[in-house]
Every structure is written in structure tokens, then in C-alpha cells.
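Undergrad: Now for the letters of each chain:
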Amino acid sequence: MAEPIIQLRGVKKSFGPVNVLKGVDLVVRPGKVTALVGDNGAGKSTLIKGLAGVQPYDEGEVLIDGTHQPLHTPREAQGMGIEVVYQDLALCDNLDIVQNMFLGREETSTGTFDEGRMERDASDALRSLSVRTVKSVRQKVSSLSGGQRQTVAIARAVLKKARVVILDEPTAALGIAQTAQVLDLVKRLAGQGVAVVIISHNLADVFEVADDIAVLYLGQMVAQVDAADTTRDDVVGYITGTKTLTGAPVVDTSVIATGGAQ
Amino acid sequence: MTTTERTEAGPDPLTGDLIGSGVEGGLGDQMSAWWQRVRGGDMGSLPAIGGFIVLSILFSILSPYFLTAGNFANLLNQAATLVMLGMALVFVLLLGEIDLSAGVTGGVGMAIFVVLVDVAHWNWVLSLVLAFVFGIATGALIGFLVARVGIPSFVVTLGLFLGYQGVALSVIGSGGLYRIQVPELIALQNGNLPVWGGWALLVIMLAISAGTSFWDRARRTRAGVPNRAISLVWIKLAVILVLGGVVVYILNLDRSQSVVPVAGVPIVVPVVLAILWVGTFVLDRTKYGRYIYAIGGNTEAARRAGVKVRWIKWWAFVCCSTLAVFAGLLSATRVGSVDAAAGRDIVLSGVAAAVVGGVSLFGGKGRLMNAAVGALVIAVITNGLGLLNLPAGVNFVVTGVVLILAATVDALSRLRSGGARI
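Just so you know, the protein sequences line up as chains A and B, in that order. Numbered by the numbering used here, the letters in the first sequence go through residues 1 to 262 in order. Numbered by the numbering used here, the letters in the second sequence go through residues 1 to 422 in order.
So that you can see chain A by itself, here it is in the shape it has in the complex (with noise of 0.2 Å):
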């Protein structure tokens, strides 16, 4: 197995009283997509916003291709290769595809933009993930569907030789087919040597997508789990609670410390 790019070890966050993360183990890997499930409030935006940099995790070892990373800054996280792809996605409706592709990294020369590059980059970076969507890449973002942004979204990150994408929810407003086009896409990022991180609440895109599923339960990691190796059933019984990997019951859940009433 590839040796892995992300490796969390008993990393904590908490805000105040409330311990979000209580110690969680991840292990990421490259050409695997890893779901992240877990119910509302289970620490999975906290564990990503942590590797992300904009939240730094308060304890805890992040290790970046066996070594030692603070990742303290969005910088320093996007330095290592390590884009995410919001729920909200970030994009400008009123720039088209290549603009939105480009924002904040404009290939210039003689300084003005050099239009014709950004173009053909923006092109190649959306044929190399197979999308045949898109009509044109001069199309106005605020004329897409859905779908098609989330593609711009994922491109963008592409277009950035990302090695680690992390999707927050990708499919989350999408139909059917949307959906379907988005989970491809994720198999094609995973085929080219990435590795994914997807977050998502629904269990059927996570099974069709992922090679490896990790659930956080009340801020605790209760399975890294290989997905051919478990059910939908477990996985279920994982995030409510009810069942762990050893079979013995998550003992610690309280997620508010009393403070001064020890």
C-alpha cells in the first residue's frame, strides 16, 4: 500500500469548554478516496478546517509525507499540495470558467494577463478529468448548473497540482445526475495519483466512492475502516453510536467538560 500523505495522530481541538476533537487518528492516502462521515457535530468540519490551516488543531502530531507539518496558515496548507473545495464552493458568478479557475494566480506576462495560456491550462486541467459538460470554458460561472460548478470547483484544485483535495459535502445540492457526474469525477481525481477526502452525509455516494471510510463520533475517530471490508449497517451503527469496531461501547461522550464542578 502507498505510503500515506496525511497522517493525523491524536489530534485535539476545542473551543472553550467544548472539546470538538478528542484525540483523532487519519490516515490519507494517495489515489484513495477517504469518506469522512459522521453525524452533525461530530468534529468532521473541525478536522478539516484544521488541515485546511485555518483552524490550527491545539495538540497532536499532522504528519505530511512522514514528516512533521504545523500547517498553522491556509498558505502553508495549500504550500503542501492540500486544496479544499468548499460546500459553498467559492466561485464568482459574473467571471467565467477560466477566470474563476485562475482567481488569485493569474498567469501574466509583460503584465497584463496572458489570456491565451490561462485558457489552454483551464482547458487541459477539465479534459484531464474527462469533463465533457462544459460547452465552453469563456462560459460565465453564473450560467452552470450545479454540477457543473462543482466540476469548476474540483478543477480549480486540479489546475493547482493539488495532491490532497478535500470535498466538503459535494454532492449535497445536486440531482441525480449531477451527482453521478461529480462521484466520476472524484474516481478520475483518485485515478491520477490524489487523494481525496470526501465529506458526506449520504452513504450510498460514500460506498460507490470511497476506498477507505472514516467515522468521527462526538469528536472521536471510532473507524478507519477499508470500505470493502464493512457494511452499510456498520458504518450506520459507527456514526450513531451504537456499535464501535472492537464491539465495546464509546465510553467517554460527554462533549461539554464541567469545568469548575470537578
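Check each hint, because a few of them may be wrong.
Not close to chain B: a few residues of chain A, all C-beta gaps over 10 Å, as computed [said to hold, decoys possible]:
#, residue
1, ARG29
2, LYS161
3, ALA204
The list that follows gives simulated cross-link-like pairs (lysine-lysine, DSBU-like), each with its CA atoms no further than 35 Å apart [as the list claims (entries may be wrong)]:
#, chain 1, residue 1, chain 2, residue 2
4, B, LYS308, A, LYS12
5, A, LYS160, B, LYS308
6, A, LYS187, A, LYS160
Calculated from the structure, these hints are not laboratory results. Just so we're clear, the structure is a prediction, and the values are computed from it rather than from any experiment. Idealized CB from N, CA, C, for every residue including glycine.
Assemble the complex: chain A is given as a structure, and chain B must be docked to it using the hints.
TA: Below, chain B without anything else, positioned relative to chain A:
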């Protein structure tokens, strides 16, 4: 067109080729694609251009003086201030912000200038520089309060709009009025280019237009992406040649009503065109401009993409206030004097000009050219109604109706296309 390298990069067995970029096809395809965009609600300046033509025809029927060379030159001088102010406002309107103080900023800038020259007897160049420094400082102040402190620009600039009227009063003195006595500046709104200068201007415009077109094409070819049909470049140049040629020809006719001949393109025309060109260049081809559009479209997306949102906003307000001082200069040199009320009434006309031309108040949509066209429409109304000797009230009513009409056409076209607000 497809290199081996690229077919490797794109494992698309169906086409193996670039994704389209909307430049494919001949002239006919381009025309229909453009028509599709217009039908899709992307009207740009079309309603304003239509309005300009309709109003011009109307006024030329109603008044025998409207279509004379003298009135045409006069119209350009009249419009110059509003064109400048409209263009200044575009920078902040694109962000979804507003600058209600743009007019009075120009007024106070000119008040400072004229008092320094007339009372303190300073060198006029230095005084003018100081007036512009005042504009830059005002923009920096607005930018600070909006982008750093986080006060809505409407409130900040409303405060300045009120405050600066007081500043203008105390600089000029109530009821006072100072004449501008610098011939170099008076010429800005009253002088004309020599006859050959008009033709030279036309040649320069053609050269710049052709130069940028072919430079862009060369860069696209180098990158390996297709270009638009070359006939489009020739059409664009032909339009500039014919339209510009007619305008220069008319302006080069003697429009004097006395013995001394008056002819030539007003000096303000190349000045405004130069600022229009530089501003458009910055907005279309540099990161600064692109980020203004991005922030206007989706501030959060721009922030996540690494755009320094506060910094860009700051600079947009500085640009606006600086150009507003220039608009104040054009206004002052046209009137020939500066009083305490200078610039007080014009700012909303500037906003109206931008909106009539197709600039969105929600941000993210519009070009400097839109504001210029919109300003010309409003100037035609003022000019035409003035020729008809109608009471001043009619002017405001008609301008208001045109503004609402333009906004209605825009809104309806989007409603029909079901498109987004932006």
C-alpha cells in the same frame, strides 16, 4: 492544432481537443453567439446606445440647432464632467459600494486649488497637485473606514457629502466665488485641437486598437488556442474609422458665429479618451482590475482565492476620489469659476449615468465605457431640452424617466432569461 503532448494530457477519447472558448466559427457564428448573450440578459450598453440614438433623432426633429457642429462640440464639453464622474464611480460600484461624496470631493479639491492660486498666489501646477493629493487622501479615508473599520460605504460617504459641503463653505467663504485664471486649464474645457490634431487622434486610436488586437491574437496563437475570425478585427477598425472619421470631420468644420474661425476636436475629448483607455486596460488586463470584479461578484470567494480584499477596496476608493477631483476640474474649467456649492448636485447624476449605461449597483458588472455612454445619454437630455427652452424641471423629470426605463429594460431582459441578478 493538437500537439501530441496535449493529447496525452487530455485522455478524452471523444474529441481529444480543447474545450471551446466561444471564439470558434466565422463571423456568422460570432454574431449569433453575441445575440444569444444579449437575449440572455447581457445587454451591456445596448439600451443606452439605443436611447442615445432615439433622443438624438427626437431632438434633431424638435430643434434645428441640435444637429449643428457647434452644438455637437458644446455637447461634448457639457458631457465631459459627467463622463469623468461616472467613470470614477464605476470603480466603487463594481465592488457593490457607492461614493456619494464623489461630487463634493471634486468641489472641495477645486476650492483648495482655486484659493491657493487666487489668494495665496501659489504656482498653479503645485496647487493642482495638492488638489489631487486631497482626492487621494479622501479616497484613502473612505477606504479605511469602509474596508478596515467596516462601516457601510453609503454611510461613510453620506457623512463626507455633508461634511465636505461645510469644508467647501469655509474654504471659499459663504456666497463667494473664485475665478479660474490659469489659461492652460481653461483650455482644457474651452480649447480645441488643431484640425490636423483631430485626424492624428483618429490615427492613434486606430493604431492602438489594431496594436492590442494583433498583440492579443499573437499571444493566443503562441498559447495554442484559437482566435476569433480575423474579419471581426477589421470590422472593429472599420467602425472606429467611420464613426471617428465622421465625428472628427464634423468637429473640424468651422462652427464660429463670428469672424474668428472656431474648429477642431475639443481638447477634453482626447483627455477623457486617454483616461478611459488606461482605466479599461487596468480593469480588463491586470490583477487589480480582475480582483475588483471578483470582489463585486463574491467577496468570500475572492478572499479564499488569496485576494487581499481590504487592499483592493482601499485602492478602488482612492481611484474613485482621485478621478472625482479630475471631474471637478473639468466642471470648474467649463464654468470658469469655483463656488462653495461646486459638485454638490452632480453625484447622483454620475450614479445615474453609470446605471443607465449598464453598470450594476450590486457590483461585479459594468465597464468604464458603460458609464461614458450613460453620461452621454444624460448630457443629450440636458442639452436637447435646453435648446427647446423648456423649464428646468422638465430636465430632471425626463432624466429620471430615462433612468427608470434603462433599469426596467435591464431587469426585464434578465427576468425573461431567468438569469442571475449579476
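Undergrad: Please write out, lowest number first, the hints stated earlier that are contradicted by the structure.
TA: Going through the list in order, the structure violates no hint and respects every one.
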